[in-house]
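Protein chains: 2
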Amino acid sequence: MISEKMRPFLANNSAIRMMFEEGKKMAELYGADKVYDFSLGNPNVPAPQRVNQAMKDILDEEDPLFVHGYMSNAGYPEVREAIAENLNQRFGTKFAGRNLIMTVGAGSGLNVALKTLLDPGDEVITFAPYFLEYRAYVTNYDGVLVTVEPDQETFQINREAFRAKITAKTKAVIINNPNNPTGVVYSEETIRALAAILEEKQKAYGHAIYLISDEPYRELVFDGATVPFVTEYYDNTIVVYSYSKSLSLPGERIGYVLIPDEVEESAMTIDAATIANRISGCVNAPSLVQLAVGRCVDCQADLAFYDRNRKTLYEGLTELGFTCVRPQGAFYLWMKVPTADGTDASAAEAVFVSAAKKYHILIVPGSSFACPGYVRLAYCVSYETIVNSLPEFAKLSQEFIVKTC
Amino acid sequence: MISEKMRPFLANNSAIRMMFEEGKKMAELYGADKVYDFSLGNPNVPAPQRVNQAMKDILDEEDPLFVHGYMSNAGYPEVREAIAENLNQRFGTKFAGRNLIMTVGAGSGLNVALKTLLDPGDEVITFAPYFLEYRAYVTNYDGVLVTVEPDQETFQINREAFRAKITAKTKAVIINNPNNPTGVVYSEETIRALAAILEEKQKAYGHAIYLISDEPYRELVFDGATVPFVTEYYDNTIVVYSYSKSLSLPGERIGYVLIPDEVEESAMTIDAATIANRISGCVNAPSLVQLAVGRCVDCQADLAFYDRNRKTLYEGLTELGFTCVRPQGAFYLWMKVPTADGTDASAAEAVFVSAAKKYHILIVPGSSFACPGYVRLAYCVSYETIVNSLPEFAKLSQEFIVKTC
Chain R
113 MISEKMRPFL ANNSAIRMMF EEGKKMAELY GADKVYDFSL GNPNVPAPQR VNQAMKDILD
173 EEDPLFVHGY MSNAGYPEVR EAIAENLNQR FGTKFAGRNL IMTVGAGSGL NVALKTLLDP
233 GDEVITFAPY FLEYRAYVTN YDGVLVTVEP DQETFQINRE AFRAKITAKT KAVIINNPNN
293 PTGVVYSEET IRALAAILEE KQKAYGHAIY LISDEPYREL VFDGATVPFV TEYYDNTIVV
353 YSYSKSLSLP GERIGYVLIP DEVEESAMTI DAATIANRIS GCVNAPSLVQ LAVGRCVDCQ
413 ADLAFYDRNR KTLYEGLTEL GFTCVRPQGA FYLWMKVPTA DGTDASAAEA VFVSAAKKYH
473 ILIVPGSSFA CPGYVRLAYC VSYETIVNSL PEFAKLSQEF IVKTC
Chain F
113 MISEKMRPFL ANNSAIRMMF EEGKKMAELY GADKVYDFSL GNPNVPAPQR VNQAMKDILD
173 EEDPLFVHGY MSNAGYPEVR EAIAENLNQR FGTKFAGRNL IMTVGAGSGL NVALKTLLDP
233 GDEVITFAPY FLEYRAYVTN YDGVLVTVEP DQETFQINRE AFRAKITAKT KAVIINNPNN
293 PTGVVYSEET IRALAAILEE KQKAYGHAIY LISDEPYREL VFDGATVPFV TEYYDNTIVV
353 YSYSKSLSLP GERIGYVLIP DEVEESAMTI DAATIANRIS GCVNAPSLVQ LAVGRCVDCQ
413 ADLAFYDRNR KTLYEGLTEL GFTCVRPQGA FYLWMKVPTA DGTDASAAEA VFVSAAKKYH
473 ILIVPGSSFA CPGYVRLAYC VSYETIVNSL PEFAKLSQEF IVKTC
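Going down the list, the protein sequences come from chains R and F.
The first sequence begins at 113 in my numbering and counts up by one.
The second sequence begins at 113 in my numbering and counts up by one.
If we strip away everything but chain R, and leave its shape as in the complex, we get (with noise of 0.2 Å):
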């Protein structure tokens, strides 16, 4: 006699997560070397040495009842102005520790935003392909998830669907930048085309309608891309952030949500964000990990590592005859399904995967994302699973590419 609203979930259980197992027992039973498992953004480089360096540094110098006890639900000051301090270095912001709230990652900092912005009913907008569970997120808030129809030629965002899907009931909008599982950066013409719909629209119904950047892979990018800084180019904007790309820390749940001056009505905002956080049953960040992200706010991951995998998996791919987006951020690779084009491309998408797991290739379905007819390649695996797949892969264009020709 579970709840009625936890029904569907259980009918539907996250296809990553099914995966993420099914590849840990395809490992068991052909060996992990086998077996090239696409599947979860789980990172392959190890967090920086700096990190736990400063986990037993803090764990020897300071006094244990600070570094586990409660703290400022909304995180350890001294940890909220360094991360500020930095952010203002790199991109010439003005933020305040206050300013940031320190969270269980970014799923429980999207959950916090959410949480103090959504009363049942309103909408949020997001951009196919997306991070599925957004759509949970916003269901916990009684929200409806609207979601916008790529544009499958650049997988920027589709500007003037977008606009169409903007109501008066329209109270935020995600974006995901770099993008899972596109791998697709944001231009800063793109960030500037949502910022001024964002804005006529406000001006329109005459409320704030919030943005909120989802930036966990903010520090993943490739090709000398950059990622617009969103504060910059519109107010009403909320960035969530987690550590858990950028430092490999995806077991420790670290993040922060970040609610400028520039917010509407920020103080108030910032307070109910705090309360979310607690409320939500969270109380606050994880203590000791909190200290030590707040010493090691200059360090970052391995990039050169999966820069190598990138671009030996896109031009490996590709030179098999697979159509990819090439990646210039996060560690997915966004491929076309050959034979998805012209028919159910579902039906196409799930006769690929199946195929895939044949040459023990895990792979999520785009529908995983709700864009189906492609499929989500995570690179942030070892090298050499990236080169030994290469062959497998190679069969299975043999059986798609080549075959259907």
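Don't take each hint at face value.
Intra- or inter-copy, both count: the list cannot distinguish identical chains.
What the hints assert, rightly or not - The list that follows gives simulated cross-link-like pairs (lysine-lysine, DSSO-like), each with its CA atoms no further than 27 Å apart:
1) LYS117 / LYS281
2) LYS448 / LYS507
3) LYS469 / LYS423
4) LYS117 / LYS315
These are computed hints drawn from the structure, not numbers from a lab.
Following the hints, put chain F in place on chain R, whose structure we already have.
Relative to chain R, chain F alone:
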């Protein structure tokens, strides 16, 4: 333009947390040794050295990808098994790792349990005085919190009042044992009576009524008191646990939800709770501290320290003429406001709490636990705070007891 649902919380922020912030300010103003802050359940006994050592060992010995990476949403299997095994040894139970879901503390554990069970309008019963966050947690899922008035003689459960509050809409009952704020341990007789009433009502209404046993203070008992392990008395029991108090790790946010096989549709309930952990945004309990508690299942904080505080405070206050419930568990002392009888208890309490501040004594009013006319003293403070506070309490006694006699 924050959520309408959040507005009442802003107006009525946690009195305990506000006092915590006030205490920090007073400490800056008058010096920490001149402020007697009994407001927050922030343990003053440091985490056992073994916990810090376990953390450092794990950081030194284990692969950082394992230590800081994603694991199954329910937690590391080996950690869950170690905890199950430890419970089985201590309580003669037969849990397996699968019965446990590691959570971001008990706060998040309660939210996971409630999210798993509640549909809008479902009633959840708890017993005054109670930890006021219960109301926020139940409201998170549009449930209705129903409270049972206390038996002010014993502060055990008021059985007849409880029976009268159960309706066809009752989905769950929350108990907190040992109890915050009273320091009372519910006896085996109380638990048996509670179980009998629940069995009777389950039969009468033809559906499960879940008993959620919130047990962060399980190991903090004195005078040889024992805390009945509730799963042994009632099948539909879900235990929520935290290491915040037993291992002095409140900032680290680590605990678990235990769903025994005897719970109705237990496999589905465990799956749903695991999904609830994920979609709440927590994803999983923090990884390093999760591994550390797995290595420290037989550790506990220094009980003798709390026991000395308990005795000194209880005896000191009783000698001064205050009426206190003799605490047997947790680290709280529940004291009657001397002037609360026969007048407006809330008003008397407010005057008393405010007068205490003159002497730099910070105590939480009973109305913060839905039981006006009392105050809670968290004695998880330094022994010096206890000893030095007693002359100040003597002044309070002069003002409220001697003068009013």
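Going down the list of hints, with the structure as the test:
1. LYS117 / LYS281: Classified as both; 23 Å inside a copy, 16 Å across copies.
2. LYS448 / LYS507: within (16 Å within a copy, 78 Å between copies)
3. LYS469 / LYS423: Result: close within a single copy only, 23 Å intra versus 65 Å inter.
4. LYS117 / LYS315: between (36 Å within a copy, 25 Å between copies)
In summary, this structure violates none of the numbered hints.
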